[in-house]
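Peer 1: Line order of the protein sequences matches chains W and C. Per the numbering used here, numbering through the first sequence is continuous, rising by one, with the last residue being 224. Per the numbering used here, numbering through the second sequence is continuous, rising by one, with the last residue being 224.
No lab work stands behind these hints: they were computed from the structure. Treat the hints with caution; some may be incorrect.
Because identical chains cannot be distinguished in the list, a pair is counted as satisfied if it fits within a single copy or across any two copies.
[Unchecked claim] Derived BS3-like pairs: lysine-lysine, alpha-carbon spacing no greater than 25 Å straight-line:
| # | residue 1 | residue 2 |
| --- | --- | --- |
| 1 | 180 | 202 |
| 2 | 112 | 58 |
| 3 | 180 | 77 |
| 4 | 180 | 223 |
| 5 | 193 | 112 |
| 6 | 77 | 189 |
| 7 | 58 | 202 |
Letter by letter, the chains look like this.
Protein chains: 2
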Amino acid sequence: MKDYKIIEVKRSIFEDNDADARRLREELAAEGTYLLNLMSSPGAGKTTTLKRTISMLKEELKIGIMEADIDSDVDAKAISETGVRTIQIHTGGMCHLDADMTRQGIKEFGTKDLDLVVLENVGNLVCPAEFDTGSTKNAMILSVPEGDDKPLKYPLMFSICDVVLINKCDTLSVFEDFSKEAVEERIHKLNPKAEVIFVSAKTGEGFDKWISWIRKELKEYRKS
Amino acid sequence: MKDYKIIEVKRSIFEDNDADARRLREELAAEGTYLLNLMSSPGAGKTTTLKRTISMLKEELKIGIMEADIDSDVDAKAISETGVRTIQIHTGGMCHLDADMTRQGIKEFGTKDLDLVVLENVGNLVCPAEFDTGSTKNAMILSVPEGDDKPLKYPLMFSICDVVLINKCDTLSVFEDFSKEAVEERIHKLNPKAEVIFVSAKTGEGFDKWISWIRKELKEYRKS
Chain W
1 MKDYKIIEVK RSIFEDNDAD ARRLREELAA EGTYLLNLMS SPGAGKTTTL KRTISMLKEE
61 LKIGIMEADI DSDVDAKAIS ETGVRTIQIH TGGMCHLDAD MTRQGIKEFG TKDLDLVVLE
121 NVGNLVCPAE FDTGSTKNAM ILSVPEGDDK PLKYPLMFSI CDVVLINKCD TLSVFEDFSK
181 EAVEERIHKL NPKAEVIFVS AKTGEGFDKW ISWIRKELKE YRKS
Chain C
1 MKDYKIIEVK RSIFEDNDAD ARRLREELAA EGTYLLNLMS SPGAGKTTTL KRTISMLKEE
61 LKIGIMEADI DSDVDAKAIS ETGVRTIQIH TGGMCHLDAD MTRQGIKEFG TKDLDLVVLE
121 NVGNLVCPAE FDTGSTKNAM ILSVPEGDDK PLKYPLMFSI CDVVLINKCD TLSVFEDFSK
181 EAVEERIHKL NPKAEVIFVS AKTGEGFDKW ISWIRKELKE YRKS
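Starting from the given sequences, assemble the full structure and let the hints guide the process.
Peer 2: Below is the structure:
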C-alpha cells in the first residue's frame, strides 16, 4: 500500500546512436584497440582508480586515457602526471558522451598504437547509461558512501555494465549501513552476468582481481 | 604547460524553459507556496537530510515533498513514513526536471495549503543545473566523500545554488584530504552569495543553521 501518488511525465526521443556505436566498435576492433567506458557518480573515485590501475599495468600495456569533463581539466592533469597518453574532451555542458562524440575524441587522440584506452565518462549515473559510446565494454564504480540502494535507483546503469567496482571499501566500518551482500544481490538481479569486485583505490585492496579482469578481457579480445 | 590536448565537442540546443519557469514561480508566489529545488549527486544524502529537516519543522510548517526519480520509489517510501504529504514523480528516464515537468507534479500534488514544498530532483550534478524548475530557491548537497574538488568540476551547479549543504561532516576524519576551507573558497569564487553550511544528516551537526536558513527564507517570502 502506497500513500503517495505516482505520475509519469514525458521523456524526449533520442536519435539513433546505436548503429553509430556498433560502427565505432568495429573500427576499434580492426585496429586492435580495447576501449573501456568508465562511468560513476561524481566523486566515486574514477580518477584515483585509474591512477592505481595505470601504475599496475603500464609496463605491460600501452594505455591511453580520454577524460570527458564538462569544462574543467582537473582529472586530465592528474592522469597526465602518471606518464600515460591523455586527452581531455570537453562536452560543452553535455552530460554524457555518445558514439559520435567518442569518435571525435578517438580521432584526435590517435589510438592505433594503444592496447587499452579508458574513456572516463562524465560523472553521472543517468545519461551516460542511455548512450552507447561504442566502447568494447562498460565499467562502473559505485562507492560505499553512496549507499547500497543505488542499483534500485539507477537500474539502467547497473544493467549495461560488464563490471562494477565497489570502491572505498576501506570506509565500510564508517558506513555501517552498507551491505556488500545486498549490493551484490541487487546488481545481479538486474544483471546476472556483471562481475562485481570490491576494491579500495586508496589502499589497493581488491586490485589484484580488477587487474586480472582487465588482463583476461584483453587476452580474449586479441584472440577474437 | 599542458601535455594533453583539449578538444571541444558539440552540445545540443535547449528549448526556452526559462519563461515557463518564471511563470511557475509567479503562480507559486500567488498561492504562497515556497518551492525549494534540492539537488545533489546520487548518494549525497538528500533523503536523509529531508527526513531530519521534516522532523525539526513539521510542527511549525505544512510541508510537502515531491520525489523525482527515474523509475524507483525508494525515496518516496522513506519520506512518506515521516507523515508529510509526498508525491513520486517518474521522469521516464529523463535525467532532470524542467519547469513543465515540475508544474505537472505541482498540479497533481496540490500545493495551495502547503508552506514549504521540497522537490528532490534526480541525483545528478549536471543536467538539473541547466534547467530552471521554477522553484523559489535552489539548494544542493555535496557530501564529504565526494571530494572538495567538485565545484571545479561541476561549476554550473554550484553557480546556481542559493545554499550548499556540505553533508556527512561526521566522516571528515576518514576523508582527511577534504578541506572545508578549500571547498568553501571554491564555491564562493563561483558564487559569492551562496550560503555554505556544514552538516551531518546522520548526527544532526549543523542542522540548527540549516533550519534557521529555511525559517529566514520563509519569513522573507511571506513579506514579499
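Peer 1: Hints first: check each against the structure and report whether it holds.
Peer 2: Tested hints:
| no. | hint | result |
| --- | --- | --- |
| 1 | 180 <-> 202 | both (18 Å within a copy, 21 Å between copies) |
| 2 | 112 <-> 58 | within (17 Å within a copy, 61 Å between copies) |
| 3 | 180 <-> 77 | between (33 Å within a copy, 23 Å between copies) |
| 4 | 180 <-> 223 | neither (34 Å within a copy, 50 Å between copies) |
| 5 | 193 <-> 112 | neither (30 Å within a copy, 49 Å between copies) |
| 6 | 77 <-> 189 | between (38 Å within a copy, 21 Å between copies) |
| 7 | 58 <-> 202 | within (18 Å within a copy, 41 Å between copies) |
Hint check: violations occur at hints 4, 5; the rest are consistent with the structure.
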